[in-house]
Amino acid sequence: MINIVPPAAIFIIGAFLIPLLKGRLKSLYMLLLPALALIDLFNMPKGKYWIIKFLDYNLIFGRVDNLSMIFAYIFVLITFIGIIYALHVKDDMQHIAAFCYAGGALGVTFAGDLFSLYVFWEILAIASLFLIWARRTDSARKAGFRYFLWHFFGGICLLAGIILYVHNKGTTEFGYIGLSDLSTYLIFIGFCLNAVVFPLHPWLPDAYPEATVTGAVFMSALTTKSAVYILARTFPGEAILIWAGAFMTCFPIFYAVIVNDMRRVLGYSLINQVGFMVCGIGIGTQLAINGAVSHAFAHIIYKALLFMSTGAVLYQTGKINGTDLGGLYKTMPFTAVCCIIAAASISGFPLTSGFTTKSMTLTAAAKQHLPIIWFMLYYASAGVFHHAGIKVPYFTFFGEDSGIRAKEPPINMRIAMGIAAFICIFLGVYPYPLYKILPYPVDYVPYTAFHVLSMLQLLMFGALAFTLLILSGYYPPEKREACLDTDWLVRMLGRRFVWLCQKPVVAFGNLIERISLRTARASSKSLPGGVMVCEDWIDKFYHVGLKSTPTIIYNWVKHLRTEMGYLPWNLAYVLICFIGFLFIMLLWR
Amino acid sequence: MKKRKELSFLDPPENRAKIRRYFYIGLLILLILDFFVPKHGHFSWEIAPEFFAVYGFLACVTLIFIAKALRFFVGRKEDYYD
Numbered sequence: 001m002i003n004i005v006p007p008a009a010i011f012i013i014g015a016f017l018i019p020l021l022k023g024r025l026k027s028l029y030m031l032l033l034p035a036l037a038l039i040d041l042f043n044m045p046k047g048k049y050w051i052i053k054f055l056d057y058n059l060i061f062g063r064v065d066n067l068s069m070i071f072a073y074i075f076v077l078i079t080f081i082g083i084i085y086a087l088h089v090k091d092d093m094q095h096i097a098a099f100c101y102a103g104g105a106l107g108v109t110f111a112g113d114l115f116s117l118y119v120f121w122e123i124l125a126i127a128s129l130f131l132i133w134a135r136r137t138d139s140a141r142k143a144g145f146r147y148f149l150w151h152f153f154g155g156i157c158l159l160a161g162i163i164l165y166v167h168n169k170g171t172t173e174f175g176y177i178g179l180s181d182l183s184t185y186l187i188f189i190g191f192c193l194n195a196v197v198f199p200l201h202p203w204l205p206d207a208y209p210e211a212t213v214t215g216a217v218f219m220s221a222l223t224t225k226s227a228v229y230i231l232a233r234t235f236p237g238e239a240i241l242i243w244a245g246a247f248m249t250c251f252p253i254f255y256a257v258i259v260n261d262m263r264r265v266l267g268y269s270l271i272n273q274v275g276f277m278v279c280g281i282g283i284g285t286q287l288a289i290n291g292a293v294s295h296a297f298a299h300i301i302y303k304a305l306l307f308m309s310t311g312a313v314l315y316q317t318g319k320i321n322g323t324d325l326g327g328l329y330k331t332m333p334f335t336a337v338c339c340i341i342a343a344a345s346i347s348g349f350p351l352t353s354g355f356t357t358k359s360m361t362l363t364a365a366a367k368q369h370l371p372i373i374w375f376m377l378y379y380a381s382a383g384v385f386h387h388a389g390i391k392v393p394y395f396t397f398f399g400e401d402s403g404i405r406a407k408e409p410p411i412n413m414r415i416a417m418g419i420a421a422f423i424c425i426f427l428g429v430y431p432y433p434l435y436k437i438l439p440y441p442v443d444y445v446p447y448t449a450f451h452v453l454s455m456l457q458l459l460m461f462g463a464l465a466f467t468l469l470i471l472s473g474y475y476p477p478e479k480r481e482a483c484l485d486t487d488w489l490v491r492m493l494g495r496r497f498v499w500l501c502q503k504p505v506v507a508f509g510n511l512i513e514r515i516s517l518r519t520a521r522a523s524s525k526s527l528p529g530g531v532m533v534c535e536d537w538i539d540k541f542y543h544v545g546l547k548s549t550p551t552i553i554y555n556w557v558k559h560l561r562t563e564m565g566y567l568p569w570n571l572a573y574v575l576i577c578f579i580g581f582l583f584i585m586l587l588w589r
Numbered sequence: 001m002k003k004r005k006e007l008s009f010l011d012p013p014e015n016r017a018k019i020r021r022y023f024y025i026g027l028l029i030l031l032i033l034d035f036f037v038p039k040h041g042h043f044s045w046e047i048a049p050e051f052f053a054v055y056g057f058l059a060c061v062t063l064i065f066i067a068k069a070l071r072f073f074v075g076r077k078e079d080y081y082d
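Chains A and B are the protein sequences, given in the same order. Numbering-wise, the first sequence is residues 1 to 589 according to our numbering. Numbering-wise, the second sequence is residues 1 to 82 according to our numbering.
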């Protein structure tokens with residue numbers, strides 16, 4: 001019999017006890033929570049349990065199999081590392097948000113029905129929002145607001161899809177879904193938004209660089225990878241994902257070259273990496289799914305390490321732009337080494353975790369005879385080395401000396417980075433513990449002579465290109481600028497729409513007012529007897545009909561602003577539209 | 001004021017040149033090894049001589065030039081959205 005509690009509950013309920021504790025006891029307690037969750041995971045048998053009857057449906061909080069188990073392990077592990085990294089933070093809100101966030105991710109991982117999945121999905125979005133707002137700067141506030149609108153949109157799509165899906169199928173349980181009718185497309189859009197599939201990706205490079213130093217570590221690990229998990233669960237082998245994933249690997253690398261904020265570079269490279277996983281899920285063979293899942297596992301560690309080392313630089317110097325940094329290896333050698341290890345891992349150098357995991361997806365694409373996809377993935381492999389592997393360490397720690405002489409970060413940050421760096425190397429040298437817990441049996445040998453040589457050639461000659469371009473001065477210099485992305489459409493067209501409603505519509509209303517006044521005056525001169533009737537008529541028509549319509553539109557729309565104070569208004573609009581939409585859909589059926 | 005210990009082995013240009021020289025030698029070794037390693041691939045071009053070296057180099061060069069072009073299209077002033 002199951003007498004343990006769901007690991008998500010340990011995190012979410014445990015989070016709210018943090019403010020009650022102080023000092024060392026608090027640190028100890030925060031380290032204990034992931035340890036407890038890990039013990040919990042070890043004792044969870046496979047199967048479906050923690051089923052609660054809710055109305056006519058079953059809520060399933062424990063669907064445990066190989067696929068959910070491996071994601072749960074890595075989520076708990078990264079929470080542990082992230083909490084060590086964040087131990088020096090005095091702000092309790094950040095700790096609570098981080099644990100709720102990780103709890104949400106675990107909840108998504110083990111959810112066996114769509115309703116509980118949706119609840120945990122929203123916990124993910126809201127908890128991560130607080131990790132952005134905790135930065136307490138104006139730009140963080142605005143970015144958090146945009147982040148929340150994106151996720152609110154995704155959540156609404158998901159909810160609409162779930163309601164239609166449950167209405168069609170009569171059950172809330174889910175396994176493989178697959179694209180078929182409208183409900184599945186809506187669910188798919190909801191998942192894809194969190195998996196940063198183009199064109200639903202701009203929230204990530206927009207919001208992650210604005211998050212707190214420690215918050216970004218959790219964010220880089222949890223939201224996108226829980227979406228990868230859920231896609232692997234519900235839409236494996238969906239052909240559209242192959243192309244979506246391959247495109248995701250390619251387009252961000254160009255952005256990453258020109259973006260200045262180092263954490264924004266990492267944000268774009270995060271999209272690139274998730275692209276490999278999405279592509280693997282789309283290919284859908286056992287090797288490809290294994291590749292996607294193991295890549296997600298390794299990726300969480302090295303991406304968190306990249307965010308930790310750049311975060312340490314931000315924490316120590318207060319600067320993160322490539323234009324302001326350089327030469328930091330002199331006083332922060334440990335951080336520099338950690339960053340290089342993570343950079344080597346993300347590029348897939350032999351003896352690092354990227355090599356033993358990402359190459360599975362590449363091989364899977366070759367085995368399915370997808371030549372164009374294969375070329376795109378290898379192009380992206382060379383590209384990711386270029387921006388995340390060389391650009392980030394080079395412009396931060398080497399490059400032109402900026403004159404900054406920052407100390408190494410606090411000891412807890414260094415310990416967390418050390419653990420993550422160790423895992424990166426360990427999984428690269430000895431990947432078999434990871435291979436053993438993958439969803440399908442692994443029949444794959446990463447270390448063949450040809451494999452090592454081809455990867456080294458690809459990467460080192462990419463490095464040669466970088467060297468030659470830097471020496472010849474062709475390399476685009478770091479520049480302070482904003483880069484437009486698909487969110488331009490939302491941000492600028494949204495503003496234009498509000499402007500359109502406010503300016504021309506109101507002008508139109510004023511015009512009508514003037515015309516009707518003139519008519520009234522003219523009629524009162526020519527027809528003194530009929531004045532009363534005419535005025536009465538005009539008054540009625542023009543107040544109810546023409547004048548008030550623009551005013552009503554104006555009054556409705558004036559709240560639709562992309563500014564913080566208008567958040568409740570925006571949400572109310574989306575909700576009303578959603579309910580209307582759902583109503584029409586259900587009637588139409 | 002006490003001077004903090006700091007590394008500076010990359011400052012002298014001769015050290016940088018030395019590192020570059022080792023790097024070029026490494027590249028040469030990789031090119032030579034290509035002829036001695038047993039190859040296995042799913043596509044015909046995978047086993048072509050020096051394919052990955054050429055592809056890696058070309059990929060990174062085109063990457064930079066496309067990124068430069070992209071900057072022309074999407075680059076705006078830093079306060080563009082404000």
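Keep in mind that the hints were calculated from the coordinates and are not lab data. One or more hints might be untrue.
Calculated pairs, BS3-like style, for lysine-lysine (alpha carbon to alpha carbon, straight line, at most 27 Å) [said to hold, decoys possible]: (1) A:Lys53 / A:Lys169; (2) A:Lys319 / A:Lys142; (3) A:Lys319 / A:Lys503; (4) A:Lys479 / B:Lys39; (5) A:Lys26 / B:Lys77; (6) A:Lys436 / A:Lys142; (7) A:Lys503 / A:Lys142; (8) A:Lys26 / A:Lys90; (9) A:Lys142 / A:Lys53; (10) A:Lys367 / B:Lys39; (11) A:Lys319 / B:Lys77; (12) B:Lys77 / A:Lys142; (13) A:Lys436 / A:Lys46; (14) A:Lys90 / A:Lys319; (15) A:Lys169 / A:Lys46; (16) B:Lys68 / A:Lys319; (17) A:Lys436 / A:Lys48; (18) A:Lys169 / A:Lys48.
Listed next, with one range per pair, are the computed distances between beta-carbon atoms [stated by the list, open to error]: (19) B:Asp79 / A:Leu31: 50 to 56 Å; (20) A:Leu32 / B:Asn15: 55 to 61 Å; (21) A:Tyr430 / B:Phe9: 48 to 54 Å; (22) A:Ser180 / B:Ile66: 54 to 60 Å.
Computed from a prediction, not measured in an experiment: that's the story for all the values here. Quick reminder that beta carbons are idealized off the backbone N, C-alpha and C, glycines included.
Those earlier numbered hints the structure runs against, lowest number first: 3, 4, 5, 6, 9, 19, 20, 21 and 22
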